[in-house]
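Residue 22 is where the sequence shown starts when you use the working numbering, and the numbers rise one by one after that.
Treat the hints with care, as some may be off.
Straight line, CA to CA, 25 Å or less: simulated SDA-like cross-link-like pairs of lysine to any residue [unchecked claim]:
1. K417 x L372
2. K417 x D203
3. K417 x G364
4. K417 x G258
5. K341 x P287
6. K296 x S317
7. K135 x H187
8. K337 x L372
9. K135 x R160
10. K341 x E295
11. K206 x Q226
12. K197 x E330
13. K135 x E88
14. K197 x M359
15. K75 x N408
16. K147 x K179
17. K128 x I257
18. K120 x K341
19. K75 x R271
20. K341 x R379
21. K385 x K417
22. K395 x N370
23. K50 x K341
The hints are simulated quantities; they were obtained by calculation from the structure and are not laboratory data.
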Amino acid sequence: MKNIKLILLLIILLGTACSPTGKRHPAWKDMPVVARMETVNGHPLTVASLDLLKDTMNLPLSALVEELQIVRLENREEALVEPGYVCMSDNYMLVVNWKTPCKLFRKDGTFVCKVGNIGLGTDEYKWIYDVQIDEKNGRIYLLQQGTREILSYNLEGKYEGSIPLHLPHPKMYVPKGVFQVDVEKNRVAVLSLPFSYLPNMAWVQDLEGNLCMSIPPRHLKLKPNFSNEIVFRKEIGQWSFHVSPFFELRKDTLYLWNLQDADPVPYFTLDFGEKPICLHNYRELPLYFYGRVATSKQMTEDSYMSDQERYFIIDKETLKGGFCRIYNDWMCDEPIEMLTDFGGYYTENILPGALLERIEGFLKECPEGDTPRKQRLLELKATIDRNDNNYIIYGKHRTRK
Numbered sequence: 022m023k024n025i026k027l028i029l030l031l032i033i034l035l036g037t038a039c040s041p042t043g044k045r046h047p048a049w050k051d052m053p054v055v056a057r058m059e060t061v062n063g064h065p066l067t068v069a070s071l072d073l074l075k076d077t078m079n080l081p082l083s084a085l086v087e088e089l090q091i092v093r094l095e096n097r098e099e100a101l102v103e104p105g106y107v108c109m110s111d112n113y114m115l116v117v118n119w120k121t122p123c124k125l126f127r128k129d130g131t132f133v134c135k136v137g138n139i140g141l142g143t144d145e146y147k148w149i150y151d152v153q154i155d156e157k158n159g160r161i162y163l164l165q166q167g168t169r170e171i172l173s174y175n176l177e178g179k180y181e182g183s184i185p186l187h188l189p190h191p192k193m194y195v196p197k198g199v200f201q202v203d204v205e206k207n208r209v210a211v212l213s214l215p216f217s218y219l220p221n222m223a224w225v226q227d228l229e230g231n232l233c234m235s236i237p238p239r240h241l242k243l244k245p246n247f248s249n250e251i252v253f254r255k256e257i258g259q260w261s262f263h264v265s266p267f268f269e270l271r272k273d274t275l276y277l278w279n280l281q282d283a284d285p286v287p288y289f290t291l292d293f294g295e296k297p298i299c300l301h302n303y304r305e306l307p308l309y310f311y312g313r314v315a316t317s318k319q320m321t322e323d324s325y326m327s328d329q330e331r332y333f334i335i336d337k338e339t340l341k342g343g344f345c346r347i348y349n350d351w352m353c354d355e356p357i358e359m360l361t362d363f364g365g366y367y368t369e370n371i372l373p374g375a376l377l378e379r380i381e382g383f384l385k386e387c388p389e390g391d392t393p394r395k396q397r398l399l400e401l402k403a404t405i406d407r408n409d410n411n412y413i414i415y416g417k418h419r420t421r422k
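Using the sequences plus the hints, can you model the full thing?
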């Protein structure tokens, strides 16, 4: 009961920080049109010009995400989590990390269970790349990196078996992949990094591993390298995805895949013009295209990282946009490094000490006249203990009303 009261207080504190609406933020008004519509094989393709992405737009998070909620996860020892990403469903959130087992919580922060264990056993895992919470059928599905199966657990965290993936050779595996299990239709859709040894980049199979349809990698084929990623957004029966290479830079697109169709179709791309192609990725949000451009920086003889990152956002309807700086106006106006989207939600998993430091930093620099928010943050600060479990901040991405 104490935790529920705390959550309600935190929701009130954040929810009253401003009064966001479903309308576009005024910052969009003066932004230029930076994209054009083309048609490729009968399908519309949005093409943005890198040369036109000049202005940097300051966008509050409230313009993109519905009312934020902040939840303190239950604090008993078995519930403790590390920083990692969060998968949301109607009533649950699953915290995924590479050091500890996945842990399931209710949306009020109540701990439900740990899901399986870290290890190499039949019911264990090490590097989870994609997850699915199927509340209707009481299942949690996990897909590891470098695997031949999807692991299945019940909502008590107990192992219920696995779904074999359709791979034509016993030495083949899915390096990094995303999936969607549909129990009612006896169907599993899978999208893998298109490594050169795989005959298919994507396929639909039944729960026993029998192939229904497949898509070869064709021009998307990559040399095996785990620096590559899949950037994706999944809806029921339709995905958008971008295969984002780190070393094999090339002109490419965000794709839209209706899981009933044989081929994904180009959906969004960036025209680099005369500029050299740099590191980049694209993703879809309900109302926007959102992406990143960056350079690579060599750290050691064998390691590289991205550098000089810049994010851009483009309104699907008006084709206006630019580079963007998104800041959390509900809390401390701190810039958000990347606008996440897991299951239609913006999420953040934050250590209590880091949250306190954010609040304390804002209170020191609090603008004159911002007394109401300062008071709200003081009240929020008083509820946080550095020995707490992590806090989860989340809010649904806005859709057009």
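Going down the list of hints, with the structure as the test:
{"no.": "1", "hint": "K417 x L372", "result": "holds (21 Å)"}
{"no.": "2", "hint": "K417 x D203", "result": "holds (23 Å)"}
{"no.": "3", "hint": "K417 x G364", "result": "holds (9 Å)"}
{"no.": "4", "hint": "K417 x G258", "result": "holds (20 Å)"}
{"no.": "5", "hint": "K341 x P287", "result": "holds (20 Å)"}
{"no.": "6", "hint": "K296 x S317", "result": "holds (15 Å)"}
{"no.": "7", "hint": "K135 x H187", "result": "violated (28 Å)"}
{"no.": "8", "hint": "K337 x L372", "result": "violated (35 Å)"}
{"no.": "9", "hint": "K135 x R160", "result": "holds (13 Å)"}
{"no.": "10", "hint": "K341 x E295", "result": "holds (22 Å)"}
{"no.": "11", "hint": "K206 x Q226", "result": "holds (11 Å)"}
{"no.": "12", "hint": "K197 x E330", "result": "holds (23 Å)"}
{"no.": "13", "hint": "K135 x E88", "result": "violated (28 Å)"}
{"no.": "14", "hint": "K197 x M359", "result": "holds (21 Å)"}
{"no.": "15", "hint": "K75 x N408", "result": "violated (44 Å)"}
{"no.": "16", "hint": "K147 x K179", "result": "holds (17 Å)"}
{"no.": "17", "hint": "K128 x I257", "result": "holds (22 Å)"}
{"no.": "18", "hint": "K120 x K341", "result": "violated (41 Å)"}
{"no.": "19", "hint": "K75 x R271", "result": "holds (22 Å)"}
{"no.": "20", "hint": "K341 x R379", "result": "violated (32 Å)"}
{"no.": "21", "hint": "K385 x K417", "result": "violated (30 Å)"}
{"no.": "22", "hint": "K395 x N370", "result": "holds (23 Å)"}
{"no.": "23", "hint": "K50 x K341", "result": "holds (9 Å)"}
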